[in-house]
Amino acid sequence: MEKLVNDFSFGLFFWQAIILLVLIVLLVKFAWKPIMTAITAREVGIASAISAAENARKEMQNLQADNQRILNEARAEREAMMKEAREIKEKMIADAKAEAQAAGDKIIEQAKATINSEKNAAMAELKGQVSSLSVEIAEKLLKTELSNKEAQSALVVKMLDDVKLN
Amino acid sequence: MVLTGKSIKNTLTALIAVIPSLFFANPAADTTHVHGEAAAHAEAGHHEGEHAPADKKGKIKAFIDHHLKDSHDFVFFSDETTGEHYGFSLPVILLDNGLKVFSSSEFHHGEKVAEVEGNYYALHHEKIYKLNSATEELSLDEHGHPRAPQVMDFSITKNVVAMLFTAILMFLLFTGLAKSYKKGPIPTGMGRALEPLILFIRDEVAIPNIGEKKYRKFMGYLLTVFFFILILNLIGLTPIGINVTGNIAITLCLALFTFIVTQFSANKDYWKHIFWMPDVPVIMKIVLIPIELLGTLTKPFALTIRLYANISAGHIVVMSLLGLIFVFKNWIAGPSFFGLTLFISVIEILVAFLQAFVFTMLSSLFIGMAVQDHHHEEDHDAHTDEEPIII
Numbered sequence: 099m100e101k102l103v104n105d106f107s108f109g110l111f112f113w114q115a116i117i118l119l120v121l122i123v124l125l126v127k128f129a130w131k132p133i134m135t136a137i138t139a140r141e142v143g144i145a146s147a148i149s150a151a152e153n154a155r156k157e158m159q160n161l162q163a164d165n166q167r168i169l170n171e172a173r174a175e176r177e178a179m180m181k182e183a184r185e186i187k188e189k190m191i192a193d194a195k196a197e198a199q200a201a202g203d204k205i206i207e208q209a210k211a212t213i214n215s216e217k218n219a220a221m222a223e224l225k226g227q228v229s230s231l232s233v234e235i236a237e238k239l240l241k242t243e244l245s246n247k248e249a250q251s252a253l254v255v256k257m258l259d260d261v262k263l264n
Numbered sequence: 044m045v046l047t048g049k050s051i052k053n054t055l056t057a058l059i060a061v062i063p064s065l066f067f068a069n070p071a072a073d074t075t076h077v078h079g080e081a082a083a084h085a086e087a088g089h090h091e092g093e094h095a096p097a098d099k100k101g102k103i104k105a106f107i108d109h110h111l112k113d114s115h116d117f118v119f120f121s122d123e124t125t126g127e128h129y130g131f132s133l134p135v136i137l138l139d140n141g142l143k144v145f146s147s148s149e150f151h152h153g154e155k156v157a158e159v160e161g162n163y164y165a166l167h168h169e170k171i172y173k174l175n176s177a178t179e180e181l182s183l184d185e186h187g188h189p190r191a192p193q194v195m196d197f198s199i200t201k202n203v204v205a206m207l208f209t210a211i212l213m214f215l216l217f218t219g220l221a222k223s224y225k226k227g228p229i230p231t232g233m234g235r236a237l238e239p240l241i242l243f244i245r246d247e248v249a250i251p252n253i254g255e256k257k258y259r260k261f262m263g264y265l266l267t268v269f270f271f272i273l274i275l276n277l278i279g280l281t282p283i284g285i286n287v288t289g290n291i292a293i294t295l296c297l298a299l300f301t302f303i304v305t306q307f308s309a310n311k312d313y314w315k316h317i318f319w320m321p322d323v324p325v326i327m328k329i330v331l332i333p334i335e336l337l338g339t340l341t342k343p344f345a346l347t348i349r350l351y352a353n354i355s356a357g358h359i360v361v362m363s364l365l366g367l368i369f370v371f372k373n374w375i376a377g378p379s380f381f382g383l384t385l386f387i388s389v390i391e392i393l394v395a396f397l398q399a400f401v402f403t404m405l406s407s408l409f410i411g412m413a414v415q416d417h418h419h420e421e422d423h424d425a426h427t428d429e430e431p432i433i434i
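In the order they appear, the protein sequences are chains A and B. When you read off a place in the first sequence, starting at 1, and then add 98, the result is the number in the numbering used here. When you read off a place in the second sequence, starting at 1, and then add 43, the result is the number in the numbering used here.
Read the hints as simulated data drawn from the structure, not as lab findings. Among these hints, one or two may not hold up.
To be verified - The following residues of chain A were derived to be distant from chain B, with all beta-carbon distances above 12 Å: (1) Val103; (2) Ala115; (3) Glu141.
Unchecked claim - Restraint ranges, calculated between C-beta atoms of paired labels, are given here: (4) A:Lys131 <-> B:Ile229: 36 to 46 Å; (5) B:Phe307 <-> A:Leu102: 18 to 28 Å; (6) A:Lys131 <-> B:Asp184: 26 to 36 Å; (7) A:Val103 <-> B:Pro333: 18 to 28 Å; (8) A:Leu102 <-> B:Leu383: 24 to 34 Å; (9) B:Ser363 <-> A:Ala145: 48 to 58 Å; (10) B:Ser363 <-> A:Leu102: 14 to 24 Å.
What the hints assert, rightly or not - DMTMM-like mimics (lysine to aspartate or glutamate), calculated; alpha carbons at most 20 Å apart, straight line: (11) B:Lys112 <-> A:Glu141; (12) B:Lys226 <-> A:Asp105; (13) B:Lys257 <-> B:Glu247.
Keep in mind it's a predicted model, so treat the numbers as computed, not measured. Glycine included, C-beta positions come from ideal geometry on N, C-alpha and C.
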């Protein structure tokens, strides 16, 4: 302890106090303040940059999810549209077929009816002609054959035979 | 200590690489200090250094003593045989009936009495005493102290020069670093080595001890003190080997700064815990007042002694080991003590960083205790481990 007290130099203490005090004041003003401000600003900058990057990443993810969703929707829509189109096509074909069928049937029906009526008309005409012909024949026969009894009976027989053959 | 960055590593490597040369050079260079010292001793009829040059141990002891002390002139090396000193004189400033300023060369390294304006001054063990006449011998009492009165000495000594050098170096380094931030967010050059240390002090020392909210106000003081002690410690390890931080006046001044900063930043709770401890009986409150008051004084005292003792011890060990080379003077002792010195020197570099760190750490701890907001449930736990013992 005595050595410590003996070693103590007030002059050195005095200069040290002045130097340290001046040094602290100068360094605080010209060094520590700007350094600490710069470091803090840099750290804040880094932190904000990191959070910004994180946000950007999240946004990107959201965007990608959105894109995927939109893509899926579009795909589904396309499929639905195609399905609908296919259905419409099939329906149209079926409709057309049915219509054609109906039209054909109708034409055939009409043709049949026409044929029938034509046939009937022809038959009626034929019948008329046959009857008038037979009347004419009978008339002619009656005119010519009434004088000849034999001939008349022969004719009648002959005619009757003809009729049967007919 | 966490030291990151290649620059620090490189700097340290370079420092370590230089050590052998510097410590090898030191004893040879400085031995004539001993001469002057021994002469002074001889003059006083106290030491047989001069009369028995064979007594190497006494010489080495005197040399180490001399090395640990402050000096009034800056001697790089001297020649023992011719008694010549190579270096430069420093101004001596005395406060003795007015300011007396003269060059330390007047003392001829303690060998002569300086005469200034009719006053006579003698240099003994780096202290200046006033004599009545030029022919008067400095007489010593039975304890070896001179009888002549001491004068107030405000000389620019070797330590003051070292401190001024450190102060200028720090100012240039850190204003340079501050400027480099204007160019970009990442410092260049020396700043790369300094910035991790600044961040270390902030993140590992100031914030944990003082707290996130209040640390900013004390950063200037803590950083200044840290780098001041660190650079002076490291200067002590260079070939110039100025022992600044191993000087009691320096460490006491540093500790007083911490003490003053602590007391002036202390809040109401701090004073309340000293003068009227809450949550204890009234009698205990009264008993605790002197204990707590003493506690505030032991803190700077511990700071003073810790730094002084650590750095002085380092210098003494290194110098003693080197001295042993010259005591034994043979081929076995030489290299082995040299190796040992090298090893201790590397440890001293660690100690240089460690002591700067410990001083800053404890300063911030004391400041932290003075400014923290006490929560009365926990604050008694905080009180029991008030003063952790670190080295």
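Hints, one by one, checked against the model:
{"no.": "1", "hint": "Val103", "verdict": "8 Å, violated"}
{"no.": "2", "hint": "Ala115", "verdict": "5 Å, violated"}
{"no.": "3", "hint": "Glu141", "verdict": "9 Å, violated"}
{"no.": "4", "hint": "A:Lys131 <-> B:Ile229: 36 to 46 Å", "verdict": "19 Å, violated"}
{"no.": "5", "hint": "B:Phe307 <-> A:Leu102: 18 to 28 Å", "verdict": "27 Å, holds"}
{"no.": "6", "hint": "A:Lys131 <-> B:Asp184: 26 to 36 Å", "verdict": "53 Å, violated"}
{"no.": "7", "hint": "A:Val103 <-> B:Pro333: 18 to 28 Å", "verdict": "24 Å, holds"}
{"no.": "8", "hint": "A:Leu102 <-> B:Leu383: 24 to 34 Å", "verdict": "28 Å, holds"}
{"no.": "9", "hint": "B:Ser363 <-> A:Ala145: 48 to 58 Å", "verdict": "52 Å, holds"}
{"no.": "10", "hint": "B:Ser363 <-> A:Leu102: 14 to 24 Å", "verdict": "20 Å, holds"}
{"no.": "11", "hint": "B:Lys112 <-> A:Glu141", "verdict": "45 Å, violated"}
{"no.": "12", "hint": "B:Lys226 <-> A:Asp105", "verdict": "47 Å, violated"}
{"no.": "13", "hint": "B:Lys257 <-> B:Glu247", "verdict": "15 Å, holds"}
Checked against the numbered hints above, the structure breaks hints 1, 2, 3, 4, 6, 11 and 12 and satisfies the rest.
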